[in-house]
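4 is the number of the first residue of the sequence shown in the numbering used here; add one for each residue after it.
Since the hints were made in silico from the structure, they are not lab data. Bear in mind the structure is a predicted one, so any value in this text is a computation, not a measurement. A few of these clues could be false.
Said to hold, decoys possible - The following label-pair restraints were derived from C-beta to C-beta distances: (1) GLU46 to LYS15: 46 to 54 angstroms; (2) GLU63 to GLY26: 33 to 41 angstroms; (3) ASN87 to ASP67: 24 to 32 angstroms; (4) SER9 to GLU56: 39 to 47 angstroms; (5) PHE30 to LEU84: 46 to 54 angstroms; (6) ALA64 to PHE85: 13 to 21 angstroms; (7) GLY71 to GLN16: 48 to 56 angstroms; (8) GLY36 to GLU63: 37 to 45 angstroms.
What the hints assert, rightly or not - BS3-like mimics (lysine-lysine), calculated; alpha carbons at most 25 angstroms apart, straight line: (9) LYS22 to LYS54; (10) LYS45 to LYS72; (11) LYS45 to LYS17; (12) LYS35 to LYS15.
Positions of the beta carbon are idealized from the N, C-alpha and C atoms, including for glycine.
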Amino acid sequence: MIIISSKEFRNKQKSYLDKVDEGLEVFIRRGKGKSYKIVPVKEDDDSLMSKEEFFAKIDEALEDAKQGKYKILTPEFRKELFGNL
């Protein structure tokens, strides 16, 4: 874990982003009582969806459910999906 100032981050941004990619936790302190954690986000991460894409995905799931394209999560199916987590 590394804790740096916002000025240090600005000066060496690439270096710290590379460290995050390598799995190191990097925290940025900004002023009194303000801290931020840098977290990598993959392109296929759903959190990168626009609001329109998000609602389109929900509409698609609702349509699938109306057409019977779903499976009830029974204990057996849950074990099949997740094993013994």
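How the hints compare with the structure:
1. GLU46 to LYS15: 46 to 54 angstroms: This hint is violated: roughly 25 angstroms between Cβ atoms.
2. GLU63 to GLY26: 33 to 41 angstroms: For GLY26 against GLU63, whose Cβ atoms are near 34 angstroms apart, the range 33 to 41 angstroms holds.
3. ASN87 to ASP67: 24 to 32 angstroms: holds (29 angstroms)
4. SER9 to GLU56: 39 to 47 angstroms: violated (32 angstroms)
5. PHE30 to LEU84: 46 to 54 angstroms: violated (35 angstroms)
6. ALA64 to PHE85: 13 to 21 angstroms: Given about 20 angstroms between the Cβ atoms, the range holds.
7. GLY71 to GLN16: 48 to 56 angstroms: holds (50 angstroms)
8. GLY36 to GLU63: 37 to 45 angstroms: holds (43 angstroms)
9. LYS22 to LYS54: violated (31 angstroms)
10. LYS45 to LYS72: Since the Cα atoms of LYS45 and LYS72 sit roughly 28 angstroms apart, the hinted pair is violated (cutoff 25 angstroms).
11. LYS45 to LYS17: holds (17 angstroms)
12. LYS35 to LYS15: holds (22 angstroms)
Violated hints for the displayed structure, listed by number in ascending order: 1, 4, 5, 9, 10.
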